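One letter stands for each residue in the lines below.
Protein chains: 2
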Amino acid sequence: MKVLITGGAGFVGARLARTLLGAREGRLAGRRIEQLVLADQAAAPADLLADPRVQGRVGKLLEHAAALRDEPFDVVFHLASAVSGECEADFELGMTSNLDSTRALLDALRHRQQRTGAAPARLVFSSSIAVFGPDPAYPFPDVVGDDTLPTPQTSYGVQKHVCEHLIADYTRKGYVDGRAARLVTVTVRPGRPNGAASSFFSGIIREPLAGEEAILPVDPGVSHAVASPQSMVDGLVKVCEASREAFVGRSAMTMPGLNVTVQQMLDALAKVAGPRVRALVKPQRDERIAGIVANWPKGVTAKRAEALGIVAESSFEDIIRQYIADHRDHPTALKGLRELA
Amino acid sequence: MKVLITGGAGFVGARLARTLLGAREGRLAGRRIEQLVLADQAAAPADLLADPRVQGRVGKLLEHAAALRDEPFDVVFHLASAVSGECEADFELGMTSNLDSTRALLDALRHRQQRTGAAPARLVFSSSIAVFGPDPAYPFPDVVGDDTLPTPQTSYGVQKHVCEHLIADYTRKGYVDGRAARLVTVTVRPGRPNGAASSFFSGIIREPLAGEEAILPVDPGVSHAVASPQSMVDGLVKVCEASREAFVGRSAMTMPGLNVTVQQMLDALAKVAGPRVRALVKPQRDERIAGIVANWPKGVTAKRAEALGIVAESSFEDIIRQYIADHRDHPTALKGLRELA
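So the protein sequences, as listed, match chains P and L.
Take the position in the first sequence, starting the count at 1, then add 151; the result is the number in our numbering.
Take the position in the second sequence, starting the count at 1, then add 151; the result is the number in our numbering.
One or more of the hints may lead you astray.
Stated by the list, open to error - Taking lysine-lysine and the DSSO-like style, the derived pairs with C-alpha atoms no more than 27 Å apart in a straight line are:
1) P/449 - L/324
2) L/389 - L/153
3) P/211 - L/324
4) L/389 - P/324
5) P/324 - L/153
Hint data in this document are derived by calculation from the structure and do not stem from the laboratory.
Quick caveat: nothing in here was measured; it's all calculated off a predicted structure.
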């Protein structure tokens, strides 16, 4: 089978590719992956490009999408996205990257399905719990789930939710076999802070482990749903492999997360890496970030996803330990842990 | 002030224009209407074009929209739309007419607001209770309202709901001052049957009053929310004149309707026009239409709209009498009533 990952050079996309080719032995939904295309604005990691099954494509999805009409993809993981902070700062960027690109991808898959009469491509879309946002007129539940009314209060959340509805309709019409996974915040992200308002949820763990200070821009009482990169990737694979019937009349599904406060995250860091590492986190409130995060749910329930066997971690310590295990061979990433723990 | 009505030559649009210029004496939201532009694919009615304040524009909205960037509209009623049956039959038509056109209109208004720093144009969007649809996995409430989770099961419903969310975000960003009114089925529509699956809700009254047979394609037990053309128009004006605060964090509002069964509609027809007129309605089930209508809500509640003083009729007889009063001077429209009552 032929698989496309948009955003395939990114952190989640590359991990998904490694999981498919490695731990899952090149098989997906009972079939062998013959070709895995990683499309992204940056080049995919060298280890992936070295695999003969992998083809990298660099460029904007919106510009590539029309050409996809002639390619028989069996499965598409659509992960490419501008992040929440970028979309708030640059409205047109968000609309283009998150809405127009998804529409172009859907239309490419639709045109091929209509022209050839082939089975619709299976499409896994990375949505977000940012589709939920507090409408000032209505009580917002502390914990959101599949039956919560989405009233997103960010451009990112609106764009994701609009795509969910479009995917549901393209699916109902038989043009694609679409599934939208509403991801919780992935943590601990490797690398540097990005434009996402949620960036600090990784930064307050990653930077101290590397021996660097990290700014905490919100109150420690802030509660949030998080999941590790690997549980996120495993969840996306399970969403892909689920039967069409498991999604019934709607395509979107809330993914599980560990509902945790920032204080609990910091306590877990102290427990795993010691108080000196923990002390590298410095509170310094950022009203812009605090304001965006205040509009996010405090936690999730994920009944439908759990029925598919999709789970998140049950302890934040496990999430920190996954990051440490992932970075055993990256000495600078764990400099703080080594020198201060 | 300068007002635009898209779909301004249509039945609701023209009635809205006559109401604004006539009953409301050319005033809207406390200001005088200097110019009223009626944009549509067909020419506006001659009586409206004869008014010096009225300018008609014929053509597709998508092609006109960019030019709107340079026009200082204070209020836009965006009523132009492909109807539900058309959107189900022709997917691309629905996406272009209902989604792309609305997006182009929003972007035109946004560009002007951003370029000039002017107050955002007030935008009243005709959405539909077709945003609600029964998700097979979840119990669908008999009566839908502002807090019901929209899981539309038609392309039309998806397109309307997507536009609601885009309008909410353009509003949150300050580009427009948008409000989406989820209209119930307008009845009695004048003229001929159209492509809407709801067309028969008018046909079973209009055709018998004209002395013609009408086909009833669904069971008489089917329940639906309806409102008269005038209550619909009055509702749109009230939505326009409401304060921004009345809409708070979401732009969409369910409009009131009279929840009525087809049987009750037919009984009202017999009462107003007599049993011989009523007998012109012939049951002949149409599975396609029955299937679409089965996915619609059986009725509505409209708490938020009612708080703004928006009401529908409380008796279907009143709705029939409005149609009769509207057509006093159209002898063929009331031929059945005259000859058979």
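*Verify the proposed pairing of residue 211 of chain P with residue 324 of chain L, using a straight-line Cα cut of 27 Å.*
26 Å, holds
*asked:* Next pair to validate is residue 389 of chain L with residue 324 of chain P; report whether the Cα-Cα distance is within 27 Å.
replied: 37 Å, violated
*asked:* Checking one constraint from the list: CA of residue 324 of chain P to CA of residue 153 of chain L, max 27 Å. Satisfied?
replied: 41 Å, violated
*Is the Cα-Cα distance between residue 449 of chain P and residue 324 of chain L 27 Å or less?*
Cα-Cα ~24 Å, so holds.
*Does residue 389 of chain L pair with residue 153 of chain L here, judged by a C-alpha cut-off of 27 Å?*
Roughly 18 Å separates the two Cα atoms, so the pair holds.
In this structure, the earlier hints numbered 4 and 5 are contradicted, and the remaining ones agree with it.
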